[in-house]
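Student: What follows is the residue order along each chain.
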Amino acid sequence: MKASSQSWIVAIALAVAIALPLVAPTYYVQFASKALLMGLLAVALNLVVGFGGMVSLCHAALFGLAGYSLAFLTPEGEGASIWLSLPAAVLVSSFAALVIGALSLRTKGIYFIMVTLAFGEMLFYLLHDTKIGGGSDGLYIYLKPEFGFGGAALDLERASTFYFVVLVCLVLGVALVSMLVRSPFGHALVAARDNERRARSLGFPVYRIRLTAFVISGALAGVAGYFSAAQFGFVAPQLLGWHLSATVLVMVVLGGMTSVLGPLAGALAIIGLEEVLKSNFEYWKLIYGLIVMAMVFVLPGGLQQLASMVLGAKPASEDDAVERDMTAPHDDAATDRLRPELLRSEAKAHV
Amino acid sequence: MSEMNDVALEANQLVKRFGGLIAVSEVSLSVRAGEIHAVIGPNGAGKSTLVNLLSGDLSATSGSIRVAGRDVTALNPQKRALAGLGRSYQKTTIFANSTVFENVRLAAQAHGGRALRMMGSVADHADINARAHAALDQVGLSHRAPLKACLMSHGEQRQLEIAMVLATDPRIILLDEPLAGMGQAEAVRMIALIRSLKRGRAVLLVEHDMDAVFALADQLTVMADGGVIGSGAPADVRANAAVRKAYLGAHGDETVDAA
Numbered sequence: 001m002k003a004s005s006q007s008w009i010v011a012i013a014l015a016v017a018i019a020l021p022l023v024a025p026t027y028y029v030q031f032a033s034k035a036l037l038m039g040l041l042a043v044a045l046n047l048v049v050g051f052g053g054m055v056s057l058c059h060a061a062l063f064g065l066a067g068y069s070l071a072f073l074t075p076e077g078e079g080a081s082i083w084l085s086l087p088a089a090v091l092v093s094s095f096a097a098l099v100i101g102a103l104s105l106r107t108k109g110i111y112f113i114m115v116t117l118a119f120g121e122m123l124f125y126l127l128h129d130t131k132i133g134g135g136s137d138g139l140y141i142y143l144k145p146e147f148g149f150g151g152a153a154l155d156l157e158r159a160s161t162f163y164f165v166v167l168v169c170l171v172l173g174v175a176l177v178s179m180l181v182r183s184p185f186g187h188a189l190v191a192a193r194d195n196e197r198r199a200r201s202l203g204f205p206v207y208r209i210r211l212t213a214f215v216i217s218g219a220l221a222g223v224a225g226y227f228s229a230a231q232f233g234f235v236a237p238q239l240l241g242w243h244l245s246a247t248v249l250v251m252v253v254l255g256g257m258t259s260v261l262g263p264l265a266g267a268l269a270i271i272g273l274e275e276v277l278k279s280n281f282e283y284w285k286l287i288y289g290l291i292v293m294a295m296v297f298v299l300p301g302g303l304q305q306l307a308s309m310v311l312g313a314k315p316a317s318e319d320d321a322v323e324r325d326m327t328a329p330h331d332d333a334a335t336d337r338l339r340p341e342l343l344r345s346e347a348k349a350h351v
Numbered sequence: 001m002s003e004m005n006d007v008a009l010e011a012n013q014l015v016k017r018f019g020g021l022i023a024v025s026e027v028s029l030s031v032r033a034g035e036i037h038a039v040i041g042p043n044g045a046g047k048s049t050l051v052n053l054l055s056g057d058l059s060a061t062s063g064s065i066r067v068a069g070r071d072v073t074a075l076n077p078q079k080r081a082l083a084g085l086g087r088s089y090q091k092t093t094i095f096a097n098s099t100v101f102e103n104v105r106l107a108a109q110a111h112g113g114r115a116l117r118m119m120g121s122v123a124d125h126a127d128i129n130a131r132a133h134a135a136l137d138q139v140g141l142s143h144r145a146p147l148k149a150c151l152m153s154h155g156e157q158r159q160l161e162i163a164m165v166l167a168t169d170p171r172i173i174l175l176d177e178p179l180a181g182m183g184q185a186e187a188v189r190m191i192a193l194i195r196s197l198k199r200g201r202a203v204l205l206v207e208h209d210m211d212a213v214f215a216l217a218d219q220l221t222v223m224a225d226g227g228v229i230g231s232g233a234p235a236d237v238r239a240n241a242a243v244r245k246a247y248l249g250a251h252g253d254e255t256v257d258a259a
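Those sequence lines, one after another, are chains A and B.
Under my numbering, the first residue of the first sequence is numbered 1, with each subsequent residue one higher.
Under my numbering, the first residue of the second sequence is numbered 1, with each subsequent residue one higher.
This is chain A alone, in the form it adopts within the complex:
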């Protein structure tokens, strides 16, 4: 996609997003906030999945932990200060990402998926089966956080205000991920994804690079989780479950993993689709599943491929570097190479 046409699309989308609360009814403003927060979660996850090549199934847990943090930090009868509770919630998510990442990044490929899934489920059951967070009933957040500065304050109880705060967070999140992807750090991350062994032999500290990306991604997931909890006024263990992790992964794959904005488009499409189907069909999940499958068949490159087709350019924006083959195994050339040599010497020893 040409950079100029891409930035035009982004500019128009942003203009629509800014104008939305001025024209749309409150219900849709709230719905848009929810969709944008899922978009932020998907963009965060894609830093790890698309650019890092690490398929994480624990991002809902990082998302949910920030929500629970807000619930814990909200005093009775008043809202929590955003200046205190937001950094605290993000810190909790980042710390969880640091611990989970530090352990699961010792594994690769399918094992990484399993280990992150296991950690996510551990946190789910921790909140589900103990009294810490109200068990399976969850916790209520009766009042939204208080966003005051100086004498003035933003009233987050107002749907449009809340929406704009979410929009700013999303824009900042996208800007952060875009900056990382273009930076030397981002290129090293992609290099480690494409050829870990080579990246290592060039002198890149692959483990540290991946862990850093994982923690940043977890922090962004925390921001999304914090505002989601604030919006719904309620947190439950389901917020941390693998079901949400998998749904966000679908958003990422459907949107396209080779660009920063693809997953955002994927999230908006999935949330929008869900909403339309839910209100019109009884067996909406069946139709939903069929549509998602059809989209994967028709657009294997994700929604970003659709955008490229419409604009008449080739898929995958080049500045986001390389395309990705998710099925490519990690390079174990060394052991493969050693094996025949060993066999030969062994054969010789027998002679």
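Hints in this document: simulated from the structure, not taken from any laboratory.
Take the hints with a grain of salt, since some may be wrong.
Said to hold, decoys possible - Computed list of lysine-lysine pairs in BS3-like fashion (alpha-carbon distance at most 30 Å, straight line):
hint, chain 1, residue 1, chain 2, residue 2
1, B, K148, A, K285
2, B, K91, B, K148
3, B, K198, B, K79
4, A, K278, A, K34
5, B, K79, B, K148
6, A, K108, B, K148
7, B, K79, B, K91
8, B, K198, B, K148
9, B, K198, A, K108
On the provided structure of chain A, position chain B as indicated by the hints.
Tutor: Frame of chain A, contents of chain B only:
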């Protein structure tokens, strides 16, 4: 004659055991700056294992490795790379879907001091880009810079490997069969390229092509069954009776591997 103090790479009594099998057995060798040291031997002699031990891709069972006098035996491949040890692989290992330039740029970035900066585009780091261009220039691939690496010929991909090693600005270069699978014309170009590498650097070359080895090597080590059976100047090694018997005698009218 070179003095002891410009020994760039020194292996001392290196041993690598895989279970009951001894792949490398008490190998000692040293490579000086400005010199190409070739390691030859039949398949299964342990040459690739030796290179992997030196680069850190495998850890030695016993023995020690020194880079410019500093013991690097306990260091992992990343740290050894940063200590000035660059290597190429027997099987081409490049970032196949990235451009030729991006491949070399990544190599330069890894050794650029601010390898993991999170701010600013990679395009803004002029010193790194300049180093990448210089490395591409030296191997003669500048005209291929914007091409996807996987679209180049095998020979060019091997040249790219060497450009990537050069971009890391190594003091020691380990080359694992750089001529493998190359056509005649490509091989001639590669030999000239390898010769140009030794200026100011130490080069350890593992190669099957004996014509290339005798055209390039200043020092020669012959391995068989994991051990060293002869070493010294190429002419002396050629005259060594044990080596002739075990290995070189077969050279000339039939291939080494068939022996």
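Student: Each hint needs a verdict: does it hold in this structure or not?
Tutor: For each hint, the structure was consulted:
1. K148(B) - K285(A): It is violated: about 42 Å lies between the C-alpha atoms, which goes past 30 Å.
2. K91(B) - K148(B): Satisfied, since the Cα-Cα distance of roughly 18 Å is no more than 30 Å.
3. K198(B) - K79(B): Roughly 22 Å between the alpha carbons, so the hint for K198(B) and K79(B) holds.
4. K278(A) - K34(A): holds (16 Å)
5. K79(B) - K148(B): OK: K79(B) and K148(B) at ~29 Å, within 30 Å.
6. K108(A) - K148(B): Holds - the C-alpha atoms of K148(B) and K108(A) are around 27 Å apart, at most 30 Å.
7. K79(B) - K91(B): At roughly 22 Å apart (the allowed maximum being 30 Å), K91(B) and K79(B) satisfy the hint.
8. K198(B) - K148(B): The hint holds at about 29 Å.
9. K198(B) - K108(A): This hinted pair is violated, its Cα atoms lying about 38 Å apart.
Violated hints for the displayed structure, listed by number in ascending order: 1, 9.
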